[in-house]
Amino acid sequence: MKTAFFIILFNLSFVLSLHAQEVTVLNSNQLLESVDTSSDTLYVVNFWATWCAPCVEELPIFNSKELSKAYKPIKVVLVSLDFKTQIDSKLKPFLQKKDITEKVVWLNESNPNNWVDKIDPSWSGAIPATKMYYKNQQTFHEGELTHDKLKEKIQFILSMN
Amino acid sequence: MKTIYLTMVLVALSLVSTAQVKVGDNAPDFKLLNTDGEMVALSDYNKEDGVILVFTCNHCPYAKLYEQRIIDLNKKYKSKKYPVVAINPNDSVAYKVDGYSYMVDKQYDFPYLLDNKGIFSEYGATKTPHIFLLKNSGDQFEVAYIGAIDDNPQDASEVKEKYLELAIQSLMEGKTPKYTSTKAIGCSIKPFK
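Going down the list, the protein sequences come from chains A and B. Under our numbering, the first residue of the first sequence carries the number 1, and numbering increases by one thereafter. Under our numbering, the first residue of the second sequence carries the number 1001, and numbering increases by one thereafter.
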């Protein structure tokens, strides 16, 4: 009986751990390397932070299940620009609370001048900002997006191929 | 007649082209309300060698990270004829703490102006903080540097290159700055409508 209880407890903790949101730490080069432009995957990379209210507001539109209705395969990457000191205290609790299941990357960079241009030369550095990659095509948007605008942008990048 | 027509076209063009300034362009003039209730204009600084123009605000975490560094810049460069002038382009509708009374509470020892006239868009500022270093070229202010204060927003003690200060030093020596524009992360501006 006791064993059965522990097995249940073990399974329960396993299920719970699946829900615990992981944050992948990457630098800008590693982030760009993770984008595979030789595949037919559409990458939607959103730059945000928990301290950025318009970012948090638009976050629900980056739901890969919903977006995969427009195109498959699709990969959403939420790149957090939260402060290093707030990964555990703010970012992780936020992801858990909002039940965010998309891939979350914390960008391990200290000097924006070294990497902002690598994402897009037209980016001023204001967030939110969204970059898309599809095969040899790229699009970039600085500022907030709505669900409809994001879908439009997806249709646009797909049509460029 | 032809001259009048041409003048009209030129005037119309100059009204339309409110594009973002680039390094080397003339700095747009402004006259905005300061936290002491007085109006402050760029032309008030005609006797200075330059102006460190900072678009910033109260609420943005990146602006907060740089708050002390901006205060220190004014302490260091005001006496060297490069004073700080800060401008808050945000409407307090988006963030209450960006409102005028909260600006007054800051008690900065440099002007902190409320931009309800869209001056930020004439400069092409997109975020807070966003720096425009202006050089007095005699009868005009010229944009000499656009971008970040330094290379480490999150940790002032880890800064290796102070982009803005390097640019000021170069101007003081009559040289062209090593960096004339840099990129920085910041909060998008929530302007007055």
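Take these hints with a grain of salt, some might be off.
What the hints assert, rightly or not - Derived lysine-lysine pairs resembling DSS-like cross-links, with alpha carbons at most 25 Å apart: (1) 72/A x 90/A; (2) 1162/B x 84/A; (3) 1031/B x 153/A; (4) 1078/B x 90/A; (5) 1047/B x 1096/B; (6) 92/A x 149/A; (7) 1162/B x 118/A; (8) 149/A x 1047/B; (9) 90/A x 1162/B; (10) 84/A x 1078/B; (11) 1064/B x 1047/B; (12) 1162/B x 92/A; (13) 1064/B x 90/A; (14) 1190/B x 1031/B; (15) 84/A x 118/A; (16) 84/A x 153/A; (17) 84/A x 1064/B; (18) 1193/B x 118/A; (19) 118/A x 1096/B; (20) 118/A x 1022/B; (21) 149/A x 1096/B.
What the hints assert, rightly or not - To spell it out: a stretch of chain A is covered by chain B in this simulated footprint if at least three of its residues, at any positions, have a beta carbon under 8 Å from a beta carbon of chain B; those stretches are: (22) 48-54; (23) 72-84; (24) 113-124.
Calculated from the structure, these hints are not laboratory results. Bear in mind the structure is a predicted one, so any value in this text is a computation, not a measurement. Ideal Cβ placement from N, Cα and C applies to all residues, glycine included.
We went through each hint and held it up to the structure:
no., hint, verdict
1, 72/A x 90/A, "32 Å, violated"
2, 1162/B x 84/A, "21 Å, holds"
3, 1031/B x 153/A, "40 Å, violated"
4, 1078/B x 90/A, "38 Å, violated"
5, 1047/B x 1096/B, "36 Å, violated"
6, 92/A x 149/A, "28 Å, violated"
7, 1162/B x 118/A, "21 Å, holds"
8, 149/A x 1047/B, "49 Å, violated"
9, 90/A x 1162/B, "29 Å, violated"
10, 84/A x 1078/B, "33 Å, violated"
11, 1064/B x 1047/B, "30 Å, violated"
12, 1162/B x 92/A, "32 Å, violated"
13, 1064/B x 90/A, "17 Å, holds"
14, 1190/B x 1031/B, "20 Å, holds"
15, 84/A x 118/A, "21 Å, holds"
16, 84/A x 153/A, "31 Å, violated"
17, 84/A x 1064/B, "15 Å, holds"
18, 1193/B x 118/A, "33 Å, violated"
19, 118/A x 1096/B, "35 Å, violated"
20, 118/A x 1022/B, "21 Å, holds"
21, 149/A x 1096/B, "28 Å, violated"
22, 48-54, "holds (count 5)"
23, 72-84, "holds (count 3)"
24, 113-124, "holds (count 6)"
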